[in-house]
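**Q** Since the structure of chain F is already known, use the hints to place chain G on it.
So the sequence lines, in the order shown, correspond to chains F and G. For the first sequence, counting from 1, position 134 maps to 134 in our numbering; every step adds exactly one. For the second sequence, counting from 1, position 141 maps to 141 in our numbering; every step adds exactly one.
Honestly, the hints are just simulated from the structure, not real lab data. Using N, Cα and C, we set each Cβ at its ideal position, and we do this for glycine too. Do not rely on the hints blindly, as some may be mistaken.
Unchecked claim - Simulated crosslink set (PhoX-like; lysine-lysine; CA at most 20 Å straight-line):
#: 1; chain 1: F; residue 1: 68; chain 2: F; residue 2: 46
#: 2; chain 1: F; residue 1: 244; chain 2: G; residue 2: 278
#: 3; chain 1: G; residue 1: 278; chain 2: F; residue 2: 247
#: 4; chain 1: G; residue 1: 256; chain 2: G; residue 2: 28
#: 5; chain 1: G; residue 1: 228; chain 2: G; residue 2: 253
#: 6; chain 1: G; residue 1: 192; chain 2: F; residue 2: 251
#: 7; chain 1: G; residue 1: 278; chain 2: F; residue 2: 253
#: 8; chain 1: F; residue 1: 19; chain 2: F; residue 2: 76
#: 9; chain 1: F; residue 1: 109; chain 2: F; residue 2: 121
#: 10; chain 1: G; residue 1: 73; chain 2: G; residue 2: 7
#: 11; chain 1: G; residue 1: 278; chain 2: G; residue 2: 253
#: 12; chain 1: G; residue 1: 240; chain 2: F; residue 2: 172
#: 13; chain 1: G; residue 1: 222; chain 2: G; residue 2: 195
#: 14; chain 1: F; residue 1: 19; chain 2: F; residue 2: 58
#: 15; chain 1: F; residue 1: 77; chain 2: F; residue 2: 99
To be verified - Covered by chain F, per the in silico footprint, the following chain G stretches (three or more residues, Cβ under 8 Å):
#: 16; stretch: 11-24
#: 17; stretch: 31-45
#: 18; stretch: 74-86
#: 19; stretch: 145-152
#: 20; stretch: 174-188
#: 21; stretch: 198-209
#: 22; stretch: 248-254
Below are the chains, spelled out letter by letter.
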Amino acid sequence: MIEIYDVSFYYPNKNIALKNINLRINSKEFVGILGENGAGKTTLAKCMNGLLRPQSGKILIDGEDISKYSVAQLSKKIGFVFQNSDHQIFAQSVEEEVKFGLKNFNFTKEEIHKRTEEILKNLNLFQYRNTIPFDLSGGEKKRVALASVLCLNPDILILDEPTIGQDSQQKKYLINLIDDLRDQGKTIIIITHDIEFASEYIPRIIVMGNGRIIADGPSNIITNNEFILERTNLILPQLSVLTKILKSSDKFKDFNGDQTDILNYYNELRRYI
Amino acid sequence: MEIINIKNLSFAYSSNPTKMILKDINLKINRGEFILLCGPTGCGKTTLIECLNGLIPHFHSGIFEGHVIIGDKDTRDYPVHEFSKYVGLLFQNPENQLVSMNVEKELSFALENFGINPIEIKARVNDVLKIMNIENIRYKAPYDLSGGQQQKVAIASILTLDPEIIIFDEPTSNLDPVGAMKILALISDLNKRYKKTIILIEHRLEMVLRYATKIIVMNDGKIISKGKTEEIIIEDILEKIGLRIPKSVILYKLLKKDGYNLENIPLTPEDLANYLLKLGG
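The following block holds chain F by itself, in its conformation from the complex:
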């Protein structure tokens, strides 16, 4: 469980990036943090894994104040996959990239080998194990960065914009992977602009704007709320736009528009036409 109390953060010479954040994310939860560029999403995530230390307030992970732990210590507990994988990847082969973290934590050779193979297969990267990561496509590089974090088996995983450059097949893999990780008891936090992805898959959404949390709730309520989204440069998902226009007419005024499944949506739509 992550508990955040009154956290504020300032970058040197810059405006305040986080203002009095209070937030609780339970174990095994799957949450999305949404908001405009510069809203403070990544800053908040970096405070959670100790990369940034807030000037005021307190962050607890499983009841323990993280200010007394180093980033390295926290990295076994909370894994962070960066938005730009070029900032994270540096090894000469995909396999070496994944092994790097494990070696630093003194795992046995057999354990390193086993975990690396498993994770590469899981992420559909096994055929690239000897490839130089920089020769991979943008989407593939993102998966390498994810693999190198997952192999440390952290309880909490933060993914910064994991859907950028991924086609819908890869997004489905990502969702399957997240389902597996949740079955293993892990907490997943996704930072994203991808409102279509969020409305389809993420159950709880936290919306940030201008360094504050401006909304927090179930995704079907948040992603239909134009007022909230507008405040932070987000737009309604396609089906929400459609529902909104239809409902403004007499014919469709009672239309419900359940978006969790497109076929349900269609079946309801058919009753009105």
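**A** Then chain G, alone, in the frame of chain F:
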């Protein structure tokens, strides 16, 4: 009139010479088109566009077969800088592209390299600042700008050379949705008002459909489909190769299967809503 003509193009990077990334591509692109280039991750989209300004084979070496002809120039016969006057290429991450201390210098950079006289440079920079509506950030440092502004500066720096073709590799994926829509509208404006030929790679089809005149679909190094936006977007193959089909198109296809005929293929939810409201009853 075609401005790009690709004949029997195949390519493998020298680091992995047995893996062909592009396989016998044949393609003609006409002046003034707005092309949406799509396909699953790793299908060769970025490699293909790097062939269009000579980065391949001059900068990235490998096994290169076939011909890429821009205007009347074969990319193999001229150096890369020759093509930067015809083809502008813009990547996802503007940070990787911006080098100067302020926006004005950034925009002058390429022109100075081409030995253009200072009066002409000043005039072109002024024009471009106006086109992109960024006159207010002329003296700002690129790294102090927001992601959306940086992307505008990166586009502006390409416009200074006035290339006929501008290629965008996921230009908005790091921007929030409102920022992304603004940049896409701007790109559409370059196409409509300034008659630029646009090639754009984007996974979020729903954001681009309204602007694209044609779609080219790639899979596994080949072009598997190409044609008018309305014709390609309803092809079942797109779903099979794992592209995210916009919800308005999915609903259109379901409606069609059940015998409802809409006047046109809805490229936006607004279009679909209008058609649905007009359906009888």
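**Q** Would you mind marking each hint as holding or not holding in the structure?
**A** Going down the list of hints, with the structure as the test:
A distance of roughly 16 Å separates the Cα atoms of residue 68(F) and residue 46(F); the hinted pair therefore holds under the 20 Å criterion. For the suggested pair residue 244(F) and residue 278(G), the alpha carbons sit about 16 Å apart, so the restraint of at most 20 Å is met. Distance hint between residue 278(G) and residue 247(F) is fulfilled; the C-alpha atoms sit about 14 Å from each other, no more than 20 Å. For the suggested pair residue 256(G) and residue 28(G), the alpha carbons sit about 32 Å apart, so the restraint of at most 20 Å is broken.
For the proposed pair residue 228(G) and residue 253(G), the alpha carbon gap of about 17 Å is at most 20 Å, so the pair holds. Distance restraint check for residue 192(G) and residue 251(F): the Cα-Cα separation of roughly 37 Å exceeds the 20 Å cut-off, and the hinted pair is therefore not satisfied. Proposed proximity of residue 278(G) and residue 253(F) is supported: the alpha carbons are some 15 Å apart, at most 20 Å. Distance check on the hinted pair: residue 19(F) and residue 76(F) sit about 28 Å apart at the alpha-carbon level, beyond 20 Å; violated.
At most 20 Å may separate the alpha-carbon atoms for a hinted pair to count; residue 109(F) and residue 121(F) meet this at roughly 18 Å. For the suggested pair residue 73(G) and residue 7(G), the alpha carbons sit about 13 Å apart, so the restraint of at most 20 Å is met. At most 20 Å may separate the alpha-carbon atoms for a hinted pair to count; residue 278(G) and residue 253(G) meet this at roughly 17 Å. Restraint check for residue 240(G) and residue 172(F): the C-alpha separation of about 13 Å stays at or below 20 Å, so the hint holds.
Proximity of residue 222(G) to residue 195(G) is assessed by CA-CA distance (about 28 Å); at most 20 Å being required, the pair is judged violated. Restraint check for residue 19(F) and residue 58(F): the C-alpha separation of about 13 Å stays at or below 20 Å, so the hint holds. About 18 Å separates the Cα atoms of residue 77(F) and residue 99(F), which keeps this hinted pair within 20 Å; it holds. Only when three residues or more bring their CB closer than 8 Å to a CB of chain F does the claim for the stretch 11-24 of chain G stand; here the count is 3, and the claim holds.
Restraint check on the stretch 31-45 of chain G versus chain F: 4 residues with Cβ-Cβ distances below 8 Å, three needed, restraint holds. With 0 residues carrying a beta carbon less than 8 Å from a beta carbon of chain F, the stretch 74-86 of chain G misses the three-residue requirement, and the given coverage is violated. Look at the stretch 145-152 of chain G against chain F: 3 of its residues bring a Cβ nearer than 8 Å to a Cβ of that chain, three or more, so the hint holds. Check result for the stretch 174-188 of chain G against chain F: holds, 8 residues qualifying (beta carbon to beta carbon below 8 Å, three or more required).
Counting residues of the stretch 198-209 of chain G whose CB lies closer than 8 Å to any CB of chain F gives 3, which reaches the minimum of 3, so the coverage claim holds. Only residues whose beta carbon comes within less than 8 Å of a beta carbon in chain F count, and the stretch 248-254 of chain G has 4; three or more means the coverage holds.
Checked against the numbered hints given earlier, this structure breaks hints 4, 6, 8, 13, 18; the rest are met.
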